[in-house]
Amino acid sequence: MKNPLFLITAIRRRPLLAWTLFFYVPVILVAVASIIGAQRYTEKLNVELANGQHTVAIAGRITAFGEQISKSILLIEKSVHDKTNAGKSVYELQVAADRLDQTINAFNDGSEIVAPDGVRFMVDSVTDEKALAILQEMNVIWVGIKTRADAVVLTSGPKKQNSEGIPFTEGALSEAATFVSNQQTRLSEQALSFSRRLEELANDRVKALETPRTTLIGVAAISILLLPGVFFINRVRHARNAASRLAAELGASQAKLETQSQALSIAKAETDRIMETVQEGLMLIDAQGVIGDYHSRELTFILRQEELAGRSLLGILERLLSEKMFKTTKDYIDLLFDANRKEKAILKVNPLTDIEVNFPHPAGGFINRYLGFSFRRIVENGVVIRVFVAVRDVTTQIELEKKLRDSEQHKDRQLDILLGIVHVAPDELEAFVTLVERELDTINDTLRAEHIVTSGGQGEALRERLQTVFRSVHNLKGNAALLKLTTFQKAAHLFESKLSELLDRPVLTGDDFLAVVVAQAGLRADLGDLMELRGKLVGLRQPVAAAGNLSDSSAAAISSPATQITAGLQQLVADAARDLDKVTTLTIDDYALHTVAADRPALIRDVLIQLTRNSLAHSIEPSPVRLAVGKPPAATLSVRGLPRTEDGLFGIVFRDDGAGLDMNAIRQRAEAAGLITPGGDHAPADIARCIFAPGFSTATEVNTHAGRGMGMDIIKAKVVDEAGGAIEVRCTPGQFCEFHLYFPAAA
Amino acid sequence: MEETILKIFARSITRYFAMVAGGEAVLGTPYLSAENESVALDFSAVIGITGSHRGNIYYTAPREKLHALLPLIGEVTPDDRLCAELVGEITNTISGNAREELGGGFMISTPFVLEGGPLTVHTAKDSTCYILPVTWNHHRSRVLVSIQQNLATS
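Residue numbers (the working numbering), protein chains in the order written: chain A, 10 to 756; chain B, 10 to 163.
These aren't lab readings, by the way, just hints derived from the structure by calculation.
Every residue gets a Cβ at the ideal spot worked out from N, C-alpha and C, and that includes glycine.
Certain hints may be false.
Some chain B residues near chain A, calculated using beta-carbon distances under 10 Å [unchecked claim]:
no., residue
1, R20
2, Y40
3, L79
4, L81
5, G83
6, V85
7, E110
8, G114
9, F115
Taking lysine-lysine and the DSS-like style, the derived pairs with C-alpha atoms no more than 30 Å apart in a straight line are [as the list claims (entries may be wrong)]:
no., chain 1, residue 1, chain 2, residue 2
10, A, K493, A, K507
11, A, K357, A, K420
12, B, K16, A, K411
13, A, K339, B, K16
14, A, K640, B, K16
15, A, K333, B, K16
16, A, K411, A, K545
17, A, K545, A, K420
18, A, K87, B, K16
19, A, K97, A, K139
20, A, K92, A, K155
21, A, K336, A, K411
22, B, K16, A, K265
23, A, K336, B, K16
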């Protein structure tokens, strides 16, 4: 069982329940009871009214019956006098006398009687003193009247059984009529009084019932009226209480709001200070890219515009970015507002991390800046409602990074060049510079010839140009390798790669040469660096040379072209043999070399470089192979003089004791390249001649020493085309290979 | 300079002739301008580049070529004034195309027209002048590109 206190508490907490239990239900019960009671009293009242009416009506008949008796006696008297039949009057007299008797007896003793309206009605015996006194008077009068009436009936009427009629005389009838008439008057008076008294009594009884009935009706009415009244009052009071409570709550809320407002004001002031001082452009944008009401002050400086709130960020960027970049930016912002896309993935592909923008300069022209944007979504209920945007001016950072990068690249390149040239004798370096300049000029002159285009000679003419360029680059690379100038060697190698790729194209156009001219410009830039460093090294080398106390003859020897070529070739053999994992020695007849190189040192150097690289790459076998075929493990390269020919040509021979020309490989390659007819009966000399074709190589792969197929082409171009000499190849496959080079005497 | 930038100008000049003159223009082998080399033809126009790049863009063409081209653009009575305007327009067009591809930072000046040679090519510091020979209808002309990417400037 629950604690009564709990119920009381529960009821107190529910005012409507309390009012219902302790007011509305009792009042309703009272109202119902009152209505029921009033209904009962009304029914009683109706009964009393009916009874009263009947009683008074019955009492009223006493007078009528009395008058009927008087009238009947007078008629009987007249009939007797007239000697007529008085039967009807006697009958009427008898009936009236019987009814009057019943009536008076009913009032005396209480009995059922038929009312004038035919209703059988129970008349109570009279108990009221006043009515009883009147009734006694009427009883006395009635006894006198009844006696005469009964006598008249007995004498004038039909004879009753067992009775003997006593005939009335006229005198007796007259006396009876007079008596009855007199008594009837008294009876009427008493009957009237009796009726009034009965009416008074009936009224008293009705009044006695009306008071409680009225009271009950009043109670019921009051109860019925009380319910809505109290309910209304309660509602009003409840509403007033609610209003009061709301007012109190409102007051409390207002107070709280004021407190919060103050806190917000403080927070806003702080936020404003932050937004005023933060060195970053901060803003919120909506899905249309419109900037929110608040943004940092720095944003106006970064975007160089005032009144940014409410403006479209995309609209601002449209004027600052390229069309392509603007489209990318627009798509990216759409992606940011696409809640289906993962934010982490989207942030990774931010295209605006360091975007270049251009602001119009007030004085004309433009201001070029770099801006870095970063984004963050603001999501509510799964919907991206805003995007937070932070923007920084990263111009200084980008500028420094680029400067640093350029500076490091330049420094690295210069260091490479410096390390390369520091061991190179000045005159060798000078010769290299001259060679590079000459080759670059050759390249540019080759490209410059516009007449080929004008004459519509695209195609093969362009391919020939490309091969000419190739030869220059290849020669440049060989010389760079000779002096171990790796920067140039690598640059030339990359240049060769581009040229090879172009040569492989079936059709060439002028557009294809854009890469060539750019690579050429790169080599020119490297040459510029080399010349700059060479100038700086001059001041250092002079003191070193003085400290070395070199004799003039020694210096002259060092500066001799043949000596330089010999030294360079020895170094080249050592480096290439090491790179190719071969053991090789080089012997040079200095006198013979001097004889041919004195007039054309660069050409002889270029040719010997290519021959040396060619032998090492193609002819010289690795030591195990050599041992297997009975050769010494170390291969031998040699340069020696040739007797002057009958035509007056000077000659040198370059020999290697390697495998020599691989005639089968040369034939296959030549057939594949269309140089000779496949399957034809070609003389060995015709096959061997193919090695001088541009781009011809039997190498299966390209490395820095061979594989481009340009070495022999260069040799032919130098010896035959440039110097007007001749080349003779002698080869015993598997034993040796000799290149006899003949030059005319210098003019 | 990047090869891509040269390609933009090469594509732009050939496209110009394809659209305006209705004929194919052929790009010759590009080369570098040598020092003191005279590259000017009869009419030349130059546009200065600032912003993301700095330097100059030139277009130079002979009178005969311009006289052949002018009727195709509605000028039936060619004269030197119209030739000067045309080289200016061509220079402006190819520079504008480059601006579209290189971005708003590629700022171009109004063209300045020179008549006759010699033409002194102003190159940016540490920059090289590339010459793109263009042949249209057997007439030679040249686009000279001497620009270098610029660091941001305030």
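Item checked: Hints breached by this structure -> Hints 3, 4, 5, 6, 11, 14, 18, 19, 22 are the ones this structure does not satisfy, whereas the remaining hints hold.
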